[in-house]
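Student: Working from the sequences, and respecting the hints, build out all of it.
Chain by chain, the residues:
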Amino acid sequence: AAGVIQSPRHLIKEKRETATLKCYPIPRHDTVYWYQQGPGQDPQFLISFYEKMQSDKGSIPDRFSAQQFSDYHSELNMSSLELGDSALYFCASSLRTGGPLEQYFGPGTRLTVT
Amino acid sequence: AQKVTQAQTEISVVEKEDVTLDCVYETRDTTYYLFWYKQPPSGELVFLIRRNSFDEQNEISGRYSWNFQKSTSSFNFTITASQVVDSAVYFCALSERQGAQKLVFGQGTRLTINP
Chain Y
1 AAGVIQSPRH
11 LIKEKRETAT
21 LKCYPIPRHD
31 TVYWYQQGPG
41 QDPQFLISFY
51 EKMQSDKGSI
61 PDRFSAQQFS
71 DYHSELNMSS
81 LELGDSALYF
91 CASSLRTGGP
101 LEQYFGPGTR
111 LTVT
Chain P
1 AQKVTQAQTE
11 ISVVEKEDVT
21 LDCVYETRDT
31 TYYLFWYKQP
41 PSGELVFLIR
51 RNSFDEQNEI
61 SGRYSWNFQK
71 STSSFNFTIT
81 ASQVVDSAVY
91 FCALSERQGA
101 QKLVFGQGTR
111 LTINP
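Heads up: the protein sequence lines correspond to chains Y and P, in order. Mapping to my numbering: the first sequence position 114 is 114, numbers consecutive. Mapping to my numbering: the second sequence position 31 is 31, numbers consecutive.
Rather than coming from a laboratory, the hints here were simulated on the basis of the structure. This structure is a prediction, so every number in the text was calculated from the model and none was measured. Cβ atoms here follow ideal geometry from the backbone N, Cα and C, with glycine treated the same way. A couple of the hints might just be wrong.
[Unchecked claim] Residues of chain P clear of chain Y, computed beta-carbon distances all greater than 12 Å:
{"#": "1", "residue": "R63"}
{"#": "2", "residue": "S71"}
{"#": "3", "residue": "S73"}
{"#": "4", "residue": "P115"}
[As the list claims (entries may be wrong)] Once the Cα atoms are required to be at most 30 Å apart in a straight line, the calculated DSSO-like pairs of lysine-lysine come out as:
{"#": "5", "chain 1": "P", "residue 1": "K38", "chain 2": "Y", "residue 2": "K52"}
{"#": "6", "chain 1": "Y", "residue 1": "K52", "chain 2": "Y", "residue 2": "K22"}
{"#": "7", "chain 1": "Y", "residue 1": "K57", "chain 2": "P", "residue 2": "K3"}
{"#": "8", "chain 1": "Y", "residue 1": "K22", "chain 2": "Y", "residue 2": "K57"}
{"#": "9", "chain 1": "Y", "residue 1": "K57", "chain 2": "P", "residue 2": "K70"}
{"#": "10", "chain 1": "Y", "residue 1": "K57", "chain 2": "P", "residue 2": "K38"}
{"#": "11", "chain 1": "Y", "residue 1": "K52", "chain 2": "P", "residue 2": "K3"}
{"#": "12", "chain 1": "Y", "residue 1": "K13", "chain 2": "Y", "residue 2": "K52"}
{"#": "13", "chain 1": "Y", "residue 1": "K13", "chain 2": "P", "residue 2": "K38"}
Tutor: Printed below as a string of structure tokens:
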């Protein structure tokens, strides 16, 4: 069965640089979520999109922005990177409309800021 | 506000022992969903189970079982006859019916199964 695809899997950036993470949800899923997991931490919700519209916002810094495109893939854009942005970034998708609601996670993008 | 507490930070047992991971949650919603996810050393988050707040029936799937008790706001996870491959960090999570249904995770329990 198709899973959530994230790219790149690993990314190394320097402070003050910009990074773009991509997420391709499971086909026919209508909702995409982004989470950030710091070392030894639990995943923290950043932002979500339902049918290409932003539906909720969590603890996402102003330096970050995200969008969902017409083909349902989503991108998380991160600017002015800081050392503290080093983390595992997960994208998850679910079928909210009439679906079982489980969020299926991608393999994550490990971002290292040096 | 939603909150999930996993009081056990780390658990270490010998293979074939039974082990229970505790999860306590807080929510004001009457309709909500509880989840367990497994995060093996490779890092991915693997969905294990979802329970609805209106369904307190316990569930068994192979060596895994879940005990949901609304009276104590708990959703505990038991692994019977543990195996080395069960070694991972396990997260309990909660989402509410209203809104975007984001997941709120507990702090996670690192489970180590020793041969």
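Student: All hints are to be evaluated individually against the structure, with a verdict given for each.
Tutor: How the hints compare with the structure:
{"no.": "1", "hint": "R63", "result": "21 Å, holds"}
{"no.": "2", "hint": "S71", "result": "24 Å, holds"}
{"no.": "3", "hint": "S73", "result": "18 Å, holds"}
{"no.": "4", "hint": "P115", "result": "25 Å, holds"}
{"no.": "5", "hint": "K38(P) - K52(Y)", "result": "29 Å, holds"}
{"no.": "6", "hint": "K52(Y) - K22(Y)", "result": "15 Å, holds"}
{"no.": "7", "hint": "K57(Y) - K3(P)", "result": "17 Å, holds"}
{"no.": "8", "hint": "K22(Y) - K57(Y)", "result": "18 Å, holds"}
{"no.": "9", "hint": "K57(Y) - K70(P)", "result": "28 Å, holds"}
{"no.": "10", "hint": "K57(Y) - K38(P)", "result": "25 Å, holds"}
{"no.": "11", "hint": "K52(Y) - K3(P)", "result": "28 Å, holds"}
{"no.": "12", "hint": "K13(Y) - K52(Y)", "result": "28 Å, holds"}
{"no.": "13", "hint": "K13(Y) - K38(P)", "result": "29 Å, holds"}
When held up to the earlier numbered hints, the structure conflicts with none and fits them all.
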